[in-house]
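Chain residues, written in single-letter form:
2 protein chains.
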Amino acid sequence: MKKFKEVAGNNTSDLSEMNRSAIVRILQQKEICSRAEVAKMMGLTQASITKLVGALIDMGIVSEVGIVKGNGNRRSIGLRLNAEKNLVIGVKFSRHVFAIGVFDISGKLYTQQETEYSLNDFAEDVIASMKEQIHKLLKKYKNVVAIGLAVPGPYLRGEGRIAMVTRMPNWRTVNFIDEFKHEFDKPVFIEQDANAGALAEWWFGNHDRPLNSLAYFLIGEGVGSGIVDHDRLLLGNLGIASEVGHISIDYKGPVCECGNRGCLELYCSTMALLKKAEKDLPELFEKPYENRAEACARIFDAARAGNKKAIKLVNEIAEYLGFGCVTLINAYDPEIIVIGDSIAQGDELLLPTIKKIVEERTLKAISSNVRIEISKLKIDPTLYGAAAIATDRVLRKPSEYLTLNKD
Amino acid sequence: MKKFKEVAGNNTSDLSEMNRSAIVRILQQKEICSRAEVAKMMGLTQASITKLVGALIDMGIVSEVGIVKGNGNRRSIGLRLNAEKNLVIGVKFSRHVFAIGVFDISGKLYTQQETEYSLNDFAEDVIASMKEQIHKLLKKYKNVVAIGLAVPGPYLRGEGRIAMVTRMPNWRTVNFIDEFKHEFDKPVFIEQDANAGALAEWWFGNHDRPLNSLAYFLIGEGVGSGIVDHDRLLLGNLGIASEVGHISIDYKGPVCECGNRGCLELYCSTMALLKKAEKDLPELFEKPYENRAEACARIFDAARAGNKKAIKLVNEIAEYLGFGCVTLINAYDPEIIVIGDSIAQGDELLLPTIKKIVEERTLKAISSNVRIEISKLKIDPTLYGAAAIATDRVLRKPSEYLTLNKD
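Taken in sequence, the protein lines are chains A and B. Once you know that position 126 of the first sequence is 126 in this note's numbering, the rest is easy, because the numbers rise by one and skip nothing. Once you know that position 284 of the second sequence is 284 in this note's numbering, the rest is easy, because the numbers rise by one and skip nothing.
Incorrect hints may appear among the rest.
Repeated chains share a single entry, so a pair holds when one copy, or any two copies, can fit it.
What the hints assert, rightly or not - Calculated cross-link-like contacts (lysine to aspartate or glutamate; reagent style EDC-like; alpha-carbon spacing at most 16 Å):
(1) 139 x 183
(2) 131 x 185
(3) 252 x 360
(4) 364 x 159
(5) 275 x 294
(6) 140 x 84
(7) 69 x 31
(8) 397 x 231
(9) 69 x 116
(10) 364 x 257
(11) 252 x 319
(12) 275 x 14
(13) 136 x 183
(14) 279 x 231
(15) 378 x 347
(16) 397 x 14
(17) 131 x 116
Keep in mind that the hints were calculated from the coordinates and are not lab data. Note that the coordinates shown come from a computational prediction; the quantities given were computed from them, not determined experimentally.
All chains, full assembly: derive it from the sequences and hints.
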């Protein structure tokens, strides 16, 4: 038997940190709360909360703000998270573009910038440019406490590299952990794009809470998913759990670059949609398109204008999205599935077909308990997700990370 | 926004209980350990461990046993879990049979009994007989601290009922929580069969530890899976996450009773295997078989004896099991997949084909990091799993449950 490391012990300072983290996470969601409300939500005495909040105020993480009305019209002092003093930098790295944004831990955007590159560019040059931009932002924004990086999956988070880079040969040997570990005097956290999107919905999405389980269904150039189950990202052994894009929907189907056959990604990525559209609806693409998201928008616009071929195409894709949702339900039993990335532009054109498929292909006791929605986030979910990666980590250890800028 | 309940606070008595639980779980796996070893594994000071262990000894949960040799030949007092003072009753409920066993929390079997029934029997009568047997065992075995019940999935654990009982119409209205909640003066915990099997492997399987993530792949009359990810059962919103048997491998395939098409269960359950075998190998079934497990054994025996038709059938099933493993890998990224229930009899006949399919259909960086094994448990994994359900719960709250029999 190997050394047994699964069960870590906790001491009283771990306990205080867990409880401070719980308070900070409640305030991140509720904006303003009284001590009494926090005590009730956490099931602790008001005396304990008063002590914990006192420490958070001393650390500069929480402030008192005015008076809020509580039960029975009692007036209490409000508490809020000093979000603006705790910024995070989110970095989205994808196949043709990288984007960098500065956010605070409440999800407020301060600035964002995007850089296109070619897959023929040397990876080192692209990374050098990314680092330079981050350094500049760190100079300008002094209150950054952490950096989150979202990379395409399957990303082996222990090793620091992307497992499948056949479409990005120049990136084969890049180790993201080595590249970023010592580059900045801020911690850098890295996860794959769909997990980032799931965290963006978890922290910055305006969903009914509490939420037992959320599935983010990313449909862009690739197809992926991220699962937050009972307040924790589902990671698996290597950090690549929930690769729904590579779950087969037809074991005799076409071969995917992952080796599997009939991967969902082959049927409903924006690449699959555009391939069909360029054949069936060439008139839409006489004018060259800027990027795939814009090209998809033309298809949805044509469907909205009543173009029958476009409507047929959109319905086909929606069916595959429905099969994907059925797989997500059987695999993870989520309370909510949020569909995001480029395909989200299809919105009301897609949802009825998706819901119909789910109703047909799952038991009523199950389908009636899952909400299926299109993401309502106003910011690119992977970039926002990169910020959410950092936010998630710093909110779980507030005294370690949220005091970085305090003297 | 609904009331925020995701983030519970912990007080110092919660902290002590977490740490006592960690110690008890280590001892459940390691059998005998010194205080110094436990301290090292948990990352706590020896003084803290001494205090925690003192409390566990006072509660009668842990005992000192002789002298163990530690690092540098230092001799220390050994600690062991008083497993024999903490028994659990496991109850496996399945379509034609229920089984009841008495175990201790180390997984040692004391007694087991099996009762067959017909699907035409009234559910009330079957349940009454089950309760009567449990009451008798409780009279005989005084040290029982909890009862675990494993039921067929999809089991809605919040509601207490099985969502799909088309093959068991008499069971449609049975609510397991209502039936068992107040029946005994011991707590009763209920989960679905594949989750039970996953917990059996987690607590009683002899696997290399630490283990980040384990998938139990149940192939019996039905097909299911249970996932333990980072020490926690994956539950989802309703408790029915990881229904791999109803993940489709062919979206145009035959219709399943769940509503989906091409569900994995339709291709590789023992029912699917037997249906084919009765057609292709009628000579094996001239003598009627006792149960499906025995019928499967005949097919595997024939294959081992060189019967070509049997070999072909077994290889076909193994391919589907391979597709199932590929789905499990893409969905959960497990460190180990353990295949159990009736199909496990196929053992060495199945594994090479399963592994070949996994190597072909996943990236090498992934397939080389997952172990695929046939369950080596000597006890029916669902019955053993029922005991593991109870064991899992009592080990997480030792002072609440493991002191039930102490005066």
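Status of the hints after comparison with the structure:
{"no.": "1", "hint": "139 x 183", "verdict": "within (14 Å within a copy, 67 Å between copies)"}
{"no.": "2", "hint": "131 x 185", "verdict": "within (12 Å within a copy, 63 Å between copies)"}
{"no.": "3", "hint": "252 x 360", "verdict": "between (23 Å within a copy, 13 Å between copies)"}
{"no.": "4", "hint": "364 x 159", "verdict": "between (42 Å within a copy, 14 Å between copies)"}
{"no.": "5", "hint": "275 x 294", "verdict": "within (14 Å within a copy, 51 Å between copies)"}
{"no.": "6", "hint": "140 x 84", "verdict": "within (14 Å within a copy, 65 Å between copies)"}
{"no.": "7", "hint": "69 x 31", "verdict": "within (14 Å within a copy, 55 Å between copies)"}
{"no.": "8", "hint": "397 x 231", "verdict": "within (15 Å within a copy, 21 Å between copies)"}
{"no.": "9", "hint": "69 x 116", "verdict": "neither (50 Å within a copy, 62 Å between copies)"}
{"no.": "10", "hint": "364 x 257", "verdict": "between (36 Å within a copy, 12 Å between copies)"}
{"no.": "11", "hint": "252 x 319", "verdict": "between (19 Å within a copy, 12 Å between copies)"}
{"no.": "12", "hint": "275 x 14", "verdict": "neither (53 Å within a copy, 57 Å between copies)"}
{"no.": "13", "hint": "136 x 183", "verdict": "within (13 Å within a copy, 67 Å between copies)"}
{"no.": "14", "hint": "279 x 231", "verdict": "neither (44 Å within a copy, 50 Å between copies)"}
{"no.": "15", "hint": "378 x 347", "verdict": "within (14 Å within a copy, 53 Å between copies)"}
{"no.": "16", "hint": "397 x 14", "verdict": "within (10 Å within a copy, 19 Å between copies)"}
{"no.": "17", "hint": "131 x 116", "verdict": "within (15 Å within a copy, 68 Å between copies)"}
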